[in-house]
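Asker: Read off the chains here:
Protein chains: 2
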Amino acid sequence: MGERMKRKIRVVQFGIGVIGRGVTKVLVKKGDMRIVGAIDVSNVGRDLGDIAGIGRKLRVKIRSEADKVFRQAKPQVVVHTTGSSLKKVYPELEKLIKAKVNVVSSCEELSYPYQKEPKIAARLDRLARENGVTVLGTGVNPGFLMDAWPLFMTGVCTEVKEIKVSRVQDAAHRRIPFQEKIGAGKTKKEFEKKVKDGTIRHVGLAESIAMIGDGLGWKLDKITESIEPIIYRKTVKSSYLTVKPGLAAGVKQVGHGWKGGKRLISLNFEASIGAGTSYDSVSISGTPPMEVIIKGGTHGDIATVAMLVNAIPKVLDASPGLKTMKDLIISALINKSS
Amino acid sequence: MGERMKRKIRVVQFGIGVIGRGVTKVLVKKGDMRIVGAIDVSNVGRDLGDIAGIGRKLRVKIRSEADKVFRQAKPQVVVHTTGSSLKKVYPELEKLIKAKVNVVSSCEELSYPYQKEPKIAARLDRLARENGVTVLGTGVNPGFLMDAWPLFMTGVCTEVKEIKVSRVQDAAHRRIPFQEKIGAGKTKKEFEKKVKDGTIRHVGLAESIAMIGDGLGWKLDKITESIEPIIYRKTVKSSYLTVKPGLAAGVKQVGHGWKGGKRLISLNFEASIGAGTSYDSVSISGTPPMEVIIKGGTHGDIATVAMLVNAIPKVLDASPGLKTMKDLIISALINKSS
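Residue numbers (my numbering), protein chains in the order written: chain A, 88 to 425; chain B, 88 to 425.
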């Protein structure tokens, strides 16, 4: 009875790709939320329930005109899942904010934009405050595994000297698109080409490093990144591919945060057929030292959808402005002359 | 230059026992905080620096009259570390709130008081709002390991069915007071007596279970707790004690949260000489399932001090009222008919 009387949170899904459909599937299970609109340039006019594959119609049609959807549906929050580039999605975010709707977005460059796009970050923050809404970029990575989670674990530290975070994924049993995305089976030359044209790339390492640095009060003077193929000396297999020695079995992306020549933050992102094991880990050199491991690793797709949905109530409660996962966590405070 | 211009956070330490001294030792290292007062009924008139053992005077004298300290020192926040019982420390908390000072407290029963002391919780919340201050109970346990941390990890879950949390400590190399506190070397009868008179007891399991339950939207109908000695079949030793088979080597305290006959939350707290290993773990049955482990476990004393200090800026930023660690975390939202 109390359940029906209580008003449900009105949510619009903006972007009905893989993540948007995943979010839809989860939102329909949450008793205190209601999907009141859907925006995309594809499948216009189709029912969101059909496109999301939930097995029934939602009686919410996908529309392309965001303004119309906001006027009619009057949402409190939009889950925004259209792209990774902050410059590209900025016009969409601006539109959402001016419609006075709170925003939870999967845009990786929004997860911590202050270092790479400080002007856009400042503009978003100002706009959000003026319009009385909150904007948050989140997801599994960036958004949790390689930034929020390590920061959270520092809450029990009186001092932190260095942080290392690893995400290692064995791609042998992952879906075919994932095995392709990591460059498995490619020659070194083909791999390098795919890196150049951006088809092999985890977006967010620099953002995660900047978030950890700021979260701990470290004034980093340099953030470096590198990406290379993982090449094994033996043949490795998945149900889809056989990768001979010398060919790329996957990708290793490493990022570092430096201060005064010291490497304070190390992020190690690996995915390969033949990794043999999957795990996520945080290693804190500090007082006390902390070695934390997620055995088997975290399922990325489910986790991204979860973070977006679970953030909704927090975003509604938060004060207006641009927020990041760092704002929502207790982490270790910097010591003098650190 | 910017550092000196920026105003330091003015902190009063209320309670100069083991934890209070630990907090003092850490506070003096934080460049953005300043200890402006100290309150206790012991060591009145002594310099806090001397009592805390930091190797120099702080020019802050320990006083017994809290009101005088607040008037003269004008703190923004008090770190309150006087006791575990909410009923007992309530008058102190009321005094702090009426002096319009924000409060971070190590009182275990304050970490999540809504289930066991709902009237006190409501009163504290109302008083805090009326006086425009924030009150937070925190620490390593309760406050992090067996509540906030598991809740935080559910942030990547679209669904949670059950949670198990373990804290296992090998007491062989811990300080003598710790080995005594866990009943090591006692006969069963002696152990039971110490449980009865409250000298063997970890306060906070019920609070942690209630926090997890509310954090996940589970309306628990029952919280149960049990405490028993850990008895090994072989002799176990520490540098201090030899424990023969049949004697208590330590304590095992277990708490459960139930709903409709189903056990949804299990907290397992163990400390013994001869445990052989130390670790903290979170096991989530859900989507996705999560197995997380802190290898070697978390150093409890350091972590408690860290949580209290690191919470200070968050408490200053938060809106007025009684807060708990649950309020500061993104965790999994409940599904319909869960």
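Worth double-checking, as some hints may not be accurate.
Heads up, the list lumps identical chains together, so a pair's fine if it works in one copy or across two of them.
[Stated by the list, open to error] Cross-link-like lysine-lysine pairs, in silico, DSBU-like; alpha carbons within 30 Å at most: (1) LYS251 <-> LYS382; (2) LYS161 <-> LYS182; (3) LYS248 <-> LYS382; (4) LYS382 <-> LYS339; (5) LYS182 <-> LYS349.
Quick caveat, the hints were computed from the structure, so don't treat them as lab data.
Asker: Please name the hints from earlier in the document that this structure breaks, with their numbers sorted from lowest to highest.
Answerer: Those not satisfied come down to hint 5.
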